[in-house]
Amino acid sequence: MPAAFLQTSASSLDKASALDGFSQLVMLKIERRRFPMKQEKEPIYSGIATYLRTPYIHLNEAQDYDVAILGIPVDYGTTVRSGQRFAPRAIREYSFYNYAEDEMLFDLSTDEPLTAARLLIGDLGDIAVWPANPEKTNEAIIQTVCQVRTTTFPFIFGGDHSITYATFLGCKQALDRQGQMPLGLLHFDAHLDVDEDFLTMPRVHHGNVFGQLIREGHLQGEHVVSIGIRGLDYLRCARFAKNAGIKQYTAEEVRKHTLETIMNEAIALLKNTCRAVYVTFDIDCIDPSQAPGTGTPVFGGLLLQEVLPALRLLSQLPVVAFDLVELSPSLDTTGITTVAASEILWQFLAFGLAI
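Here the sequence shown is numbered in numbering that gives the first Met the number 0, starting from 0 and rising by one per residue.
Note that these hints are calculated values from the structure, not bench results.
Among the hints, erroneous ones may be present.
Okay, derived cross-link-like pairs now, DSSO-like style, lysine-lysine, Cα gap no bigger than 27 angstroms in a straight line [unchecked claim]:
1. K270 to K255
2. K270 to K246
3. K241 to K270
4. K255 to K241
The following label-pair restraints were derived from C-beta to C-beta distances [stated by the list, open to error]:
5. T332 to Y44: 19 to 27 angstroms
6. L312 to F105: 18 to 26 angstroms
7. D63 to Q142: 31 to 39 angstroms
Ideal Cβ placement from N, Cα and C applies to all residues, glycine included.
Based on the provided sequences and hints, a complete structural model is requested.
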């Protein structure tokens, strides 16, 4: 045990010696809360499971950081296979492998050292959720994300894609107050997610999240760009997306024109129509050969070797929040999908986020 911690603990005991039991407990908790997470070298499998071993922080401390991690462990919005509620924990645990401290990184592919973003990152932990009350959970998400976005950058781990309804609204409320509207949406996904309400599902589910935002007037269809769309969908969804003005780039178009070309077009469109952009990344955008651990996989998707370099282009956009959704560790038998999700998050933080 580090000497500094022993000294802090001893000091706490001295201060608390004259207090009653409850007061002593409070005093000790306060003193331990002040003690920073250990920075010395230690095995990658040990320590508190925060993202990249960053400090665990309270909501009122978020303003002191460039990026605030927020987990939203829900999967009540899934229509088929669930398990997405376990994703925030899985992402944090795997992130230990990407922990680099202050060491210089070297890109073996390009044969050059990397100059990544120097960010102060704090982990807020997971938001309180009510699995049997999605509407109450949405209210809590909106309020929390609004508060976070007011002072720093929300970096959000879902959860199924229904969370983006509330996280988008939370960002929108914060930006409304700051005069940074309109807010656009860059959407990586295999699906359009513009369906209607289902009687057997919550009002907002992972198949209708953007349809709800548009129908309720929170989002304009012409401010949405969807990349990676493929497979079969209901005719009503295809018609809704077209009539709403959503710009769609299918996975087939990406293969034909390259993702870099598509990204440059999408960036130009969003920069011309929006003052801020919310990025949402559904892991099923990636082909199931590389990301099978998701509830609704569709073959013919994008590949990590094209997605990871493309994420660096996001630094050209005024991105105000980023979420990654639909990772289901319980369906990820080899762990490869968690690796894919972690690489996407790591690459965006290091090279795609302009702060």
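Going down the list of hints, with the structure as the test:
1. K270 to K255: holds, 24 angstroms
2. K270 to K246: Roughly 14 angstroms between the alpha carbons, so the hint for K270 and K246 holds.
3. K241 to K270: holds, 21 angstroms
4. K255 to K241: holds, 21 angstroms
5. T332 to Y44: 19 to 27 angstroms: holds, 21 angstroms
6. L312 to F105: 18 to 26 angstroms: holds, 22 angstroms
7. D63 to Q142: 31 to 39 angstroms: violated, 20 angstroms
Going through the hint list in order, the structure does not satisfy hint 7, though it satisfies all others.
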